[in-house]
Each structure stands twice: as structure tokens, then as C-alpha cells.
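Asks: Chains A and B are the protein sequences, given in the same order. Positions 7 to 352 (my numbering) are the ones given, in order, by the first sequence. Positions 451 to 837 (my numbering) are the ones given, in order, by the second sequence.
Please note that the accuracy of each hint is not assured.
Derived DEER-like restraints, expressed as beta-carbon distance ranges [unchecked claim]: (1) B:H630 <-> A:R228: 50 to 56 Å; (2) A:G42 <-> B:P471: 42 to 48 Å; (3) A:G301 <-> B:P666: 46 to 52 Å; (4) B:S639 <-> A:G29: 53 to 59 Å; (5) A:A269 <-> B:I667: 56 to 62 Å; (6) B:G797 <-> A:A342: 28 to 34 Å; (7) B:R645 <-> A:G301: 36 to 42 Å; (8) A:E10 <-> B:D595: 50 to 56 Å; (9) A:F231 <-> B:P506: 53 to 59 Å; (10) B:D671 <-> A:E10: 53 to 59 Å; (11) A:R228 <-> B:S658: 53 to 59 Å.
These stretches of chain B come out as covered by chain A in the derived footprint (C-beta under 8 Å, 3 or more residues) [said to hold, decoys possible]: (12) 719-730; (13) 825-837.
Partial selection, computed: residues in chain B whose CB lies under 7 Å from chain A [claimed, not checked]: (14) P733; (15) E739; (16) R745; (17) T746.
None of these hints come from the bench; they were simulated from the model. From a predicted model like this one, the values you see are computed outputs, not experimental measurements. Glycine included, C-beta positions come from ideal geometry on N, C-alpha and C.
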Amino acid sequence: MSSEVRIAVEELLAEELSRGPGGAWTEETRHTALAGLVAQGWTKVGLPEELGGEGGTLQDACEVVAASAALALPSPLADVVLVTNRLMTGAGLPLPPGATCVVPVDARAARILDGAVRFSAARVPWARHASHLLAVVPAAETAYELVIVDRADAEITPGANLAGEARDDVEVVDATPLARSRPLPWPAPSAVGELGALARSVQIAAALERALELSVAYCSQRVQFGRPLSRLATVQHELAALAGEVAAARAAVSVAAETQSAAPSPADLRSTATAKIRTASAASAGSRIAHQLHGAIGITQEYELSRLTVAMWSWREEYGSASAWAERLAADALAAETGVWDWVTV
Amino acid sequence: MTMSTRPVGETLDHPSSSKGPGESELRADVRAFLAHRRDRHGFRPHCDSWMTSPSPEFSRALAERGWIGMTWPEEYGGRGRPERERLVVIEELLAAGAPVAAHWFADRQVGPALLKLGTPAQRRLHLPAIARGERFFAIGMSEPDTGSDLASIRTRARRVTGGWTLRGTKIWTSHAHLAHYMIALVRTSPPDSGRRHEGMSQFIVDLSAPGVTVRPIVTLDGAHHFNEVVLDDVAIPDDGLLGREGEGWAQVMAELAYERSGPERFMSTAPLLFALARRVGVPHPALGELLAELRTLRRLSREVADSLERGEPPSVRAALVKDLGSRFEGRVVSTARALAPVEPDAGSEDDYTRLLAEAVLHAPDATLRGGTNEILRGIVGRELVSR
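Chain B on its own, in the form it takes in the complex (with noise of 0.2 Å):
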């Protein structure tokens, strides 16, 4: 490793709070590139940011800095750093409102599905390409009549000579109009009353092959960033297989570990949060619980980090801090509401205003994607009564 001036073992021992050797400084570095954006390329701060608002632009700049892809090796296009510092990267993109959603997906999950199950051929393939900020990646997981039960999908691959068949259909695919991939659960063997986990496989379907079709659907809020997937018999290659065939449930569940642990199941309404401080500027209570929350969850967010620095994939805390999360987003909304009521306006000049807009807009989704909170509570509950 060229860039660590650290000595080894450093990063190995220390308490969950403290920061690791220099975080303030990465911070300080993104921070710097964040003002350097808004200043010359004028974004402004989003709710939500990472659902909503992609720029294949700023995921290039941003990969130019080396900060997607961060954690994995050297040799897939990655910078081998640790958790913790993508911990620290995400938060301030978070924090800022920051228009990353284009690449989020790969790098959040794409990458590290990759780096665990992926051939080393498919990992030359792809992870270079995502670090670069040049290839992105949709999920496609849900279905029309598969939503929380996702044991029910009926997407189908059919086994050819030299590879797949897929025939069936994806639904609230984020992005799949810009992506270029994604990943795919289907059945390979049909479903067994019995035994419904199984005969599941996933495939990294390029969405420009044939057959393939994406179309939008558009969100109550006038946007578009879910699409429905219509897979009309796209024929995938052998190596277009992710992992082992029959274990895509367990590989998914691995998976969502990472979809429901990161920063942004609570940072969503992060802007609106601080322009409401600066809105504000009294130190009513309602606030000081607010940041009490935010510093808590924070915490929380961190040892999930330290769990897969470690190689824990933290199913059952991610559920636990994403339900924890998603109710401290909406908190955020009700408590702007209170402590200072203005008409939303999804089109006003004043960020304020149109933060709340948009936090009020994209509430119900919050308790929804990644996992309902009644599933959360779920694997929650089911894992406490059968110690």
C-alpha cells in the first residue's frame, strides 16, 4: 500500500469511538472537494440524495479522488482502506445533500457481492470499471407480486447450452435507466413448498442486451428513479452467474446486510435537519433530542462498520439500526414541522422550504425500502426469542 503512511496495527486496536488515524483529515479532504463543487459546479443539498438525485459527473469526480470503491484491493481499482474511513466519506456525502446516487448502489453492495462471490474474471470485469465511476449497477430483487416475501419471486433462468435464459420481471428497480448492469435474483429450480429458500441463483444482467426493456415508474413526488424491468428472455452467459446456483437467497441476505447498515438509513433527512438548526437558531429541546439521536446512531453506524471490518456481516444489528434510522428521519420531519411550520415547496428558493418539501415527500419510502420495518422487527424479534 503506497498511500499508507500508518504503521501496521495501528487501525487494529482501538475503541469503537475514538477516530481512527486520520479521519479529520479525510474529512477535512472531502469536505474541501464538497465546497469545491458547490462552489464551481453549484449543487445544491437533497434529501435523500442517494435514491434521488444521480450525476454520472460527480461519481466520476468523486472516483478521481479515489473515494468509491475505497475499501477493496488494489488490484480491482480499489485504495484497500478501511471501513472506517468509507464510513467517514459516505457521512459527508450524506451530510451535504450530495448527488451520488448513480454509483451508491455498486458501491455500496455491487463491490463487496463481487469481491465475496464473484470470479476473479467477473471482478477484473467490473470493480475497476465502478471505482473509476464509470459503471453503474440497479438491484433488481423485488418483483410485481414480490414485495416483503422475497422467498416469492417468479423470475425464472432457464438453463442453454453455454449459459441462461432469464424470462420475468423486476419492479422499483432504482436507476436502471442509468445503469449499466445489475444483479439480478432469480429462480433457477422451481419453488419447493417445503423448502422456498432454495433453487435462487443470482446473474449480473447487462441491461443493454436484447430483450431487456426499463420502464419508469414515476414516484407520487413527480420523480423518477424506480423502474420496472421486463427480462424477455435475456440470454446471459455462463460467467454471468453470481456466486453458487441455489444459493442466491443466502447470498442476498449477506447482501442486504450491507444495503441496511450504511449511514443514509438515518442521514436521509440530514439537510433538512441542519438547515432547520440554522432556521431555528434557539435551542429549543426538540432539536437538542434530534442531535442526541444523530450522535447515537452514529455510534451505532460505527461499530456496524467495525463488524464488517472484521468479516461480520451484522444482519441482525443492520435491521436493528436501519428501523432505529428510518423512525429518526421521520422525527426530523415532524419535529421541522413543529419548531418552524412553513407551506412546503418542492420549487422554493429557500432550501429550507424545499427540504422539508422533499423530506415530507419521500417519508413513506423511508420505512419501506431495504426492508419494511415490520420485517426489520422481524429478524429482530426471531433472532432474540431463539437464543
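Bound-form chain A, shown alone (with noise of 0.2 Å):
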């Protein structure tokens, strides 16, 4: 069924894509396609029937986010399928009516008293985009809720990553929420960024295998000194080596997404971690080589190949460095009482 999925997304953004001059997103095909996605029921993919969804595994879902990492849609997709919705389904809330768009915030010192929430946030992926906004909120000691609050309630101020992506700074104070779960021992604060850490991974590991098709289909087309690029052997082991790089992030990826279910477990901190600092590194080594063989054509604006690198040196630190899920990663193993090789066969 996955790849269906992927192919149905790709065939959808392929032709609003096509609508645009060169080949580049702009506000109105990017409007356009997000609007599909939205009909289709593309971004309510991973949410179970009876909360309002349509139904899918994470593997579906992973599927929907990498169809449009690939062809750089610039959009909210990979927060709300891989954020958003697996928060709701861990937490058994309904979608409430009228919500499109509810985009995932990673909210610090959120609170809920007498009935009003408040909370604060940097870098909010897609804000002033959102219909709705999501934040887990401390219910008691040990207990959290996930509240859904009004887009309109909420101050924001615009920011961007590097490819131009929403990220907003957000503060709602005291708003009324418009759906709220009971209290649970989870979601806690801290899975917003973990939910999210998986979703830029899964857009790495897409983006940066695109990133290769681009380089093997110039390489070949490429003519220097009488021959394609690809001829040259220092040209092939560049290629090879960033399909080690794309094999090894979808690996890690690919782990990730086949361990984790809606209900969290510890194997999901360690794949998730695993997939986010293998991904990082991809995108940074993975980058490098594919501007590297294409030449100055790759760092123009027009050309394909930056929309994807761009994205990804954002996505890199998103939710997370690799270097600070590295520590996680790395005090997790140590904590393991049976040492650091079981803890890796488990």
C-alpha cells in the first residue's frame, strides 16, 4: 500500500508543480497543492477514522511526508501527518471541526488554569498557516493534555528557515481551548520534538534521495572533456558514495518508522534518535557531494537541487541537532545496566 500512497501524493504535487514556471514552487502552486493535499485528505493520513482522520500506518504516513520532501514542497505536511496526528491518535482526541490545518507546538512553561491555556513558543513550524494550534499542556504531577487552541488566538510573529519555511514565534495567552484530552501519562512535553525529530528525518532521508537522481541524471548528461561526467571513476566513487549516504539514512529511517506505533516505548527514543543524528549527518555529508558534481548550476535558485539542500541544512538542526540527540542517544546507552552491545540488540 505505501508506495500507492507515494505515488498518489507524487502525481498530485507533480502536476500543480508542472503549473509553475522552471519547475520552482511559488506562493500560488504551493497554495494550490497544499489545498489538494487538504481535499484529498492527504494530511489527515496516520489519524485513525473515528477521531476524523482517514485512517493509515506510520508507514503510510511516512510515505505522504516523503512524496512531498522529494519534490520540496515547501509545507506543513511532514508536522501535521507526523506530529500532529500521531499525537492525537496516542491521546485519543478528535479532530474538531473545522480544523484543515493544526500545526504542532513545541510549547515551553505551558500551563491550563481555570479553563484558559497559555503557552509560548520559538520557531513554530507554520503558524500563521494553521487553522488550529496543538500543545501538550501539564495536567497534574505526572499527567499531560493536549489542548487545541484557535490559530486567531494566538500573537505571532513571522520567521523562516533557510528554504523559506514558516517559523514562527507564537504566545497564547489564556485562550479558551477548542478541544482538550483527558490527562494522560503521555504525550509529554518532550514528544512534540520527538515526534518531530522523526518527521525531518523522514524528510531528510526523501529529499536527499531525490538529491541523488539529480546527480546520477546530470553526471550522465554532463559532457566535459569529450565524455559524460559519469565516466570519470573519481565521478563515480562521488556518486557512490552519496548512495551510502542515502542507503544508510533511509536505513535509519526505515527502523525507525517499523519500531514505533502510536503508544510510546523506549525503542522509539533510540530509533528515533538513531534516524535523526544519521539523517543530519547525511544531509550535511550527502549535500556536500551532490553540489559538489553538479557545479555551479546546483547553487542557483532555478536549478532543483538547492530547493532540496537548502531544506535540509534547516532540517538538519530541526527538533534537534545531531549532536544533542547524540548525547540523548549516547546517556541512554550508557544508563543500559547489561552494557552498550545488548543495549544495541535490543
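Make one complex out of these two single chains by using the hints.
Replies: Dropping the structure here:
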């Protein structure tokens, strides 16, 4: 099923993309593409039907996100499908009426008092484009609840990442929640960052795979010294190294997507950390190679490669840098009483 | 299969990251065996133990547990187990740095080659003895003038009545001084400049036969596992031919997929990594990055094992994993030197200090053996641009 999901999303996006000039997204085609994804229900993949979603597995959700990332569509799709929908599934919270785009907020100092919720957060993905905002709020000593507020109740200061994707500062002061889950031991406030890290990993793996396709095609067509670049051994070696980064990124993401379910487990932390660490380093090494192979054309805005690599340079730091995740992963391994190798194999 | 307690089909279709049934129990069994060996026989972990630490006695003990040739059919002394289970066993052996070098090549590639290409008589002659841990094999590919360019080999097999006569020299032949037999790639017809991959064949050479001379080559760490094997008109009977005459190149390329794809291509410095973690003790990001890479490589390695299970030798994927894996092994060394610097000492009583010395001294070999990283990248790169 998953590959069918990917093909369907790719077809929808490719059609929108082709209507713009030079194969680049414009404000207009980006909006119509997103509207098309919403209309066809792709933003509700991974959320069960009884909660107002379209159903589907985590793998399906990953395929939707991968398809949009490979086409470098700037959109909140990854955050909605792989963070919001998973949080709501875990908490059993149904989608409120009229919620077309619920964006997750990695909130600091969130609280709810006398039915009024307040929180603030920096660099929230796509906040100003959302219909609603979702946050995790402490409900008691070790219990949390999900709350959804109207975006209109938030004060938003626009910002952007390197790829021009909205990353907005958000301030919500005593808003009335439109939906609240019952108090639960999970998701804890850290859950937004943990699910978000997997979302960015999925995006990077897909974008890097596309960068490899572009590199292979470019080197096969570009003639220098009287023959295609792809005939040069040094070029083949660089392509192979890029393919290695792609394979490693994909493998790390596959483990996470197969290990995880809506209910959290210690294995989730390990597989999320592994995915974010490995995709972040693949983004760095892979984009360096892809640009080196493409020469100057690759660093123009007009050519597709830069739309992928510039986004990856932001995604690799978002929802926790490789270094921050690596420290968490090392701490988890060192805390294992049975030793590091046993920790690796469980 | 009298050993199996699982319903038929249960192993056929599960996601590649999930554990097969019984894998955790098997892993625990191997660990218990290794703990027993450590306590009773006192082996110390070594980096690169699959290359440098032979122990015929250890190999026989392993065989008694059914862990050599374990994927082979029972009629040839194997246990008919899935590739995934073999992966569990060899991962545990490598993680422990156990002395597995004596039987490693026979278990890894000679057995699969005999099963694929051997005659029933050849299989009966060798496979049960290998699976008992009593017969060791060496691999004769490289020659003094043949490194990466394997097609340039000059060792010749000449047809004589009732068999063949081999003449030439093989080099870098690991543990030929301990092995009973060697699989040699030789020319059975002269090289043709247009078709240089034709005219090669593989032979099973009895290393105790007249005309075989094995000379040690000492590596830069003072150790002896490499050899030069001189074949001076060595008589080989008709049934010493492995596979088909003239098909040697294709046979060897398929065999190299086994040689290149295993976890020994990223776990050679694993004992150092675990010693490093114990020594550092605090969650340094560089340690986390190594653990993330190890977890990722294990996944890739399982994908390769699944390909082997399906009977698809993953030549390109194997080359890719070996390239990534051997670079990871090098990063373990550089990270160890950065996080826990000590003066490396191969004679040290301290495990970390000793393992660092072993890893440093073996580092250049990791990106040479089984095909240099440049050759591997060439295989992957050519595949990419030929699609």
C-alpha cells in the first residue's frame, strides 16, 4: 500500500508543480498543492477514522511526507501528519470541526488554569498558515493533556528557515481551548520534539534520495573532456559515496518507522535519535557531494537541487541537532545496566 | 527439521527490522556460551578477531553447538537455519572479539560456494568436516602482480590426464598455514585482451599436496596471518574443479558478495567501541554518533542477510555496506583517540589500551581487504550510472 500512497501524492504534487514556471514552487502553486492535499485527505493520514482522520499506518504517513519532501514542497504536511496526527492518535483526541491544518507547538511553560490556556514557543513550523495550534500542557504531577486552540487566538511573529518555510514565534495568552484530551501519562511535552525529529528525518531521507537521482542524471548528461562526467572514475566514486549516505539515511528511518507505533516505548527514543543523527549527517555529507557533482548550476535558485539542499540544511538542526540527539542516545546507552552491546541489540 | 518448533511460514514474511522468532533466545545462548568460554578458557577480546585470532579448539566448540555452517542443509552437516540466525551468531562472536578466524572463511564463503557450485561428492567430502570445525579453508585470489585487478592473475591450470596441474603464486592468503584446503582462482586458458574475464576457473587445492609451499608474511603489527602460497606443479584430480571451467570470474564475483556483506565489515573495532564507552562513562555526542551508525549498519546488514535468504547475492548492496562499514571502523579509532587518549600498547593489561593498539595497527587493512574502498565505490558508481 505504501508505494501506492507515495505515487498518488507525487502525481497530485507533480501536476501542481508543472503549472509553475521552471518547475519551481510559487506562492500560488504551493497553496493549490496544499489545498489539493487537504481536499484529498492526505493531511489526515495516520489519524484513525473515529478521530476524524483517514486512517493508515505510520509507514503510510511516512510515504506521504517523503513524496512531498522529494518534490521540495514547502508545507506543514510533515508536522501535521507525523506529529499532530500521532499525538492525537496517542491521546485519542478527535479533530475539532473546521480544523484543516493543526500545527504542533513545542511549547515552553505551557499551563492551563480555570479553563484558559497559555503557552509560548519560538520558531513554530507554519504557525501563521495553520487553522489551529496543538500543545501539550501539564495537567497534574505526571499527567499531560493535549489542547487545541484557534490560531486566531495566538499572537504570531513571522519568521522563516533557510528554505523560506515559516518558522514563527507564538504567544498564546489565556485562550479558550477548542478541544482537550483527558489527562494522560503520555504525551509528555518532549513528545512534540521527539515526533518532530522523526518527521524531519523522513524529509531528509527523501530529499537526499532525490538529490542522488538528480546527481546521477546530471552526471550522465553533462559532457566535459569529451565524455559524460559519469564516465570518470572519480565522479562514479562520489556518486557511490552519495548512494551510501542515501542508503544509511533510509535504513535509519525505516527502523524508526517500523519500530514505532502510537504508544511510546523506550525503543522509540533509540530509533528516533538514530534516525535524526544519521539523516543529519547524511544531509551534510550528501548535500556536499551533490553540489560538488553539479558544479555551479547546483547553487542557482532555478535548479531543483538547491531547493532540496537548502531545506536539508535547516531540517538537520530542527527538532534537535544531531549533536543534541547524540548526547541523549549516548546517555541512554550508558544507562543500560547490561552494557552497550546488549543495548544495541534489544 | 527436527529442531524446529516454529509453525511453517512464520519466518517468511516479517518486516526486515523485526526479530525473527527465537532470535533473542539464540542470542542469549551464544552469550552464555561466550561467557562460559571466557570463564573457563580465558579468551580476551580482540579487534579484528575474525582475521587475526584463530583457535581450532574454539572453532570445534562452536561447531558442537551447531554454529558453523548453520544455514546449510542437514544432509551436509548443517542445521538448516535461516540467514538471520547466522547473523545473530556471528554478530555476537564479533562483539565479543572471539577467536573465530580458523573457520571463518570456510563458514562464510566456501560453504555457500560448495552448495551452489560443488558436486554432491565435493559437498559430502568438505561440508560436514567444515561444520564439525575440523576443516579450514583459505581463499587464494590475489597474486604478487594482482591486487585490485583480479583479472590479471597468472597462476595457470594445465590439463593433464586425469586432472590438472597448477603453477603460480597466491599472496595475502589468510591462515593458509592453518588451513587444510584453499579455493584458488586460476587461469585455465590464456588471457584474451578483449575478454579478460573469461578463461578463469576455481579449484579446490589440498594444501598438504606435494608442490605446495606456504611462506609466512608478517604484517606491520608483527603478526602472522598472511601467507604466500607457491604452487609448483601441484596435481589436482578432475574432481578438484569447483563449478564450471571458464566460469571462475562470475563464480568469484558471487562469492565476494558473501565476503563483503557480513557484519565483520563494520564490527572489527566493536570491542574497542564497547571498551571506549565503559572508559568514557559520560554521554559524549561523539559516542552517540558512533552508536547511531552501528545501529544503522546493523539494519543494512540485515537487509543483506534477507537478500541472501532469498537467494539474491547482493553484490552492489554488499559493496556499499562494506564501504560505509570500513569507514565506520576507522571512525571508532579516531573517536577513541579524541575522547579517551592513551598511548596505545598492544601488550597492555588494560583492555582499552590494548584494543586501541590493535585497532590502530589494523586500520589500514580495513579499507583494503575484500576489495579496496575505491573498487567498491567503482562497483556502486557503475551500477548507478548504468541504470
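Asks: Now tell me, hint by hint, if it's right for this structure.
Replies: Do the hints match the structure? See the list:
Roughly 54 Å separates the CB atoms of H630 of chain B and R228 of chain A, a value that falls within the hinted 50 to 56 Å. The beta-carbon spacing between G42 of chain A and P471 of chain B, approximately 44 Å, falls within the hinted interval of 42 to 48 Å. Checked against the given bound of 46 to 52 Å, the beta carbons of G301 of chain A and P666 of chain B, roughly 50 Å apart, stay inside it. A hinted range of 53 to 59 Å for the beta carbons of S639 of chain B and G29 of chain A is consistent with their spacing of about 54 Å.
For A269 of chain A and I667 of chain B, the hinted distance range of 56 to 62 Å is satisfied, since their beta carbons lie about 57 Å from each other. Distance hint check for G797 of chain B and A342 of chain A: the Cβ-Cβ separation is about 31 Å, which falls inside the suggested range of 28 to 34 Å. Against the hinted window of 36 to 42 Å, the Cβ-Cβ separation of R645 of chain B and G301 of chain A comes to about 37 Å, which satisfies the hint. Evaluation of the 50 to 56 Å hint for E10 of chain A and D595 of chain B yields a pass: the beta carbon distance comes to about 54 Å.
The beta-carbon spacing between F231 of chain A and P506 of chain B, approximately 55 Å, falls within the hinted interval of 53 to 59 Å. For the hinted restraint 53 to 59 Å between D671 of chain B and E10 of chain A, the CB-CB distance of approximately 55 Å keeps it satisfied. Under the hint 53 to 59 Å, the C-beta atoms of R228 of chain A and S658 of chain B, about 57 Å apart, fit the expected range. Counting residues of the segment 719-730 of chain B whose beta carbon lies closer than 8 Å to any beta carbon of chain A gives 5, which reaches the threshold of three, so the coverage claim holds.
Residues of the segment 825-837 of chain B lying with their CB closer than 8 Å to a CB of chain A number 10, which satisfies the three-residue condition for coverage. A cut of 7 Å between beta carbons decides the hint on P733 of chain B: the least distance to chain A is about 4 Å, and the hint holds. Interface restraint check for E739 of chain B: the shortest CB-CB distance to chain A comes to about 5 Å, inside 7 Å, so the restraint holds. The beta carbon of R745 of chain B comes within 5 Å of a beta carbon in chain A, closer than 7 Å, and the hint placing it at the interface holds.
Restraint check, T746 of chain B versus chain A: the minimum CB separation of about 5 Å is within 7 Å; hint holds.
Hint check: no violations occur; every hint is consistent with the structure.
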